[in-house]
Amino acid sequence: MALLEVENLQVSFDTASGRILALNGVSFSLERGEVLALLGESGSGKSVTAAAIMDLVPNPPGAIDRGSIRFHGAELLQLSRNERRDLCGNRIALIFQDALAALNPVYSVGWQIAEMYRIHGRNPEGGVEKAVIDLLKAIGIPDPERRARQYPHEFSGGMRQRIMIAMAVAVGPDVIIADEPTTALDVTIQAQVVDLLATIRKRSNAGMIFITHDLGVVAELADRVAVMYAGRIVETANVFELFEDARHPYSVGLLASQPRVDTDEDELVPIPGSAPNPVALPSGCAFRTRCPRAEGLCAEVIPPLETVGPGRQAACHFPVSPA
Amino acid sequence: MSFTYFLKRAAFAALALAALMTSAFFLVRLTGDPVNLYLPVDASDAAREAMRVRLGLDRSLLAQFFDWAWDMLSLDFGISLWHNRPAMDVVLEALPNTLALGAIALVLAFIAAIGMGSIAAVNSGGWIDRGVNVLSQAAASVPDFWLGLMGVLLFAVTFRILPTSGFGGPIYWVLPVACLFARPFGTLVQIVRGSMIEALNATFVRTARAKGARDGRVTFVHALRNALLPAVTVTGDLAAQFAGGGGVVEVVFGFPGIGKLLIDGILKRDFAIVQASIFAVAVVIFFINILVDMLYASIDPRVRVE
Ligand SMILES: Nc1ncnc2c1ncn2[C@@H]1O[C@H](COP(=O)(O)OP(=O)(O)O)[C@@H](O)[C@H]1O
Ligand code: SF4
Ligand SMILES: [Mg+2]
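So the sequences go chain by chain: B and Z. Taking our numbering, the leading residue of the first sequence gets 1, the next gets one more, and so forth. Taking our numbering, the leading residue of the second sequence gets 1001, the next gets one more, and so forth.
If you're looking for bench data, these hints aren't it; they were derived computationally from the structure. Note that the structure is a prediction, hence the values are computed from the model and not measured. The beta carbon of each residue, even a glycine, is placed where N, CA and C say it ideally should be. One should not assume that every hint holds.
To be verified - Okay, the calculated bits of chain Z under chain B, using three or more residues with CB under 8 Å as the criterion:
1. 1209–1222
2. 1298–1304
Unchecked claim - So these bits of chain B aren't anywhere near chain Z, every CB distance computed over 12 Å:
3. M1
4. A50
5. R91
6. A131
As the list claims (entries may be wrong) - Over 12 Å on every C-beta distance to chain Z, these chain B residues come out as not near it, computed from the model:
7. E7
8. A138
9. V279
10. E300
So that you can see chain B by itself, here it is in the shape it has in the complex:
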């Protein structure tokens, strides 16, 4: 049994300009000890996927229309509001992109980390205070006793993100979802945060969903990749297969559009066109308006996510042939 299984998840938002299908049948699974990268352009539905798992989809305007989210085989969408809350933080944790906005400005960082233990009734050995200090020490915050009493605005961006991560993993969750944790940071600090996540991943047996649009980070951290486009998973593959032998035309385009360390190719080819209007997605395959391989069928039938090799899937009528 997979640790976390998302199946055919559909989430929509009612907006002034119409109904947005933010997730249109998302399916993927996560195993223990695995890092799954959720890769896609801005607006493809990555954050909404995380929100659905955490019961954070704002309702209204959003609603989970159908689908299933199973954690250790148990259906989350059937649990009560408070049962979901009890799982959050405790068993499934979320790390936000912008730690300055995500930490509460009026409570000290020590208080905010300690709250994680208090909410879930945990009594770490030596007490909560000590656990907080140890945690701050472990993520490389100097003078942790003093720093614990300080407020988010008194820390640098990199430190805040490390505090955010420390808080999320404080009580040892089984699933860690990191939503673009490095996007708001500059490059050197990004590397530190990725290192911290890699360390956590090595030490714990948790499964991690790493949300990003940055191929470089994917290569560094992920075992497997799920590529998202317009609210659907269009390809899943292990990280080597994806980089060497992508099957979905969108994945191929994405790889060609971003700089890579593993090839000498330095000519970047952007994907033509722009992300589709979420209120009026193209019929059939949502990528067809930008796809060099599109044919008549693509406008009529939505390509299902099908197995295209051992452990890998693609949602395309005319996938790119194996290299």
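Got chain B; can you put chain Z with the ligands on it based on the hints?
Relative to chain B, chain Z with the ligands alone:
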């Protein structure tokens, strides 16, 4: 707040107070001559002149001003014409009544507004929110003299369960407090609702949910403290207004506070009472502002910079 910061503020406040008292000195003298008011219409010119001399009103305005300025510096506010004892003594008897009245009304309004505003924000757009909106709009806009008169008519005249006016046990406080409560309550509900909606949509509230905090904790621990500053600002402004007396409310209910004293003082050309009242109220407002600043800093650490 450091001590030097406090001294700096006190110095500024003293300057402002000097300007205020100076303008009060001239303004009260514009309201007219007390002699005409206190002596019978048929009093002789000699009697009038004698009273002017006794009050020092016969000398030039400038000479009066310097005398007065010296008295002010030595905190001597003179004798009340009407009460015939030191003006500051009279003021210090009325001031605590006003402060207690204002404080009770404001604290109750603040607490009730936090509760109602938060509930409205949590249910924003729903029928509870709409109900709270109507109620608070009404409370914020109803004139307090109307509320006072209606209160007297209903509870004192019709039901006879509350006294119409006067002063004494707790029962005399009910109607004045209720009248002073309405406007701050209505205003604060609207403010708390607005800032709570903003706070509830902030990313840190999503973090709190992601951490597993349940609704009550999210609303009252995470969002509320962030939403409190605007409410504290407005409460501070209202407190400063109330320090000058419950105005109409004190008059309607014959409540012996500083507002009533001040109005009577003006009507009776009791210069000493007017000046002593203004001075006392200004000092109270200074301390209210200090208190608001301290509250600010204790609520939001980002304000703790100098
Ligand atoms: N609260 C919301 N209200 C309306 N639309 C939303 C909301 N949240 C997300 N969406 C829409 O859902 C789609 C997916 O958004 P998101 O998951 O945030 O993308 P990303 O992959 O960049 O994280 C977008 O079209 C976005 O406009
Ligand atoms: S289904 Fe058609 S349009 Fe869509 S990605 Fe495949 S080839 Fe391109
Ligand atoms: Mg996002």
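A quick look at each hint next to the structure:
For the region 1209–1222 of chain Z, the stated coverage by chain B is satisfied: 9 residues place a CB nearer than 8 Å to a CB of that chain, which reaches the threshold of 3. Counting residues of the region 1298–1304 of chain Z whose CB falls under 8 Å from any CB of chain B gives 4; the rule of at least 3 is met. For M1 (chain B), the shortest C-beta to C-beta distance to chain Z comes to about 24 Å, beyond the 12 Å cut-off, and the non-interface label holds. For A50 (chain B), the requirement that its beta carbon stay farther than 12 Å from each beta carbon of chain Z is not met, with the minimum near 9 Å.
With a minimum CB-CB distance of about 9 Å to chain Z, R91 (chain B) fails to clear the 12 Å threshold, and the non-interface call is violated. The claim that A131 (chain B) lies off the interface holds: its Cβ sits roughly 15 Å from the closest Cβ of chain Z, which is beyond the 12 Å cut-off. The non-interface label for E7 (chain B) is consistent with chain Z: the shortest C-beta to C-beta separation is roughly 22 Å, beyond 12 Å. Against chain Z, the non-interface label of A138 (chain B) holds: every CB pair exceeds 12 Å, the least being about 19 Å.
The non-interface label for V279 (chain B) is consistent with chain Z: the shortest C-beta to C-beta separation is roughly 22 Å, beyond 12 Å. Under the 12 Å C-beta cut-off, the non-interface status given to E300 (chain B) relative to chain Z holds; the minimum distance is some 39 Å.
Hint compliance for this structure: hints 4 and 5 are not met, and every other hint is.
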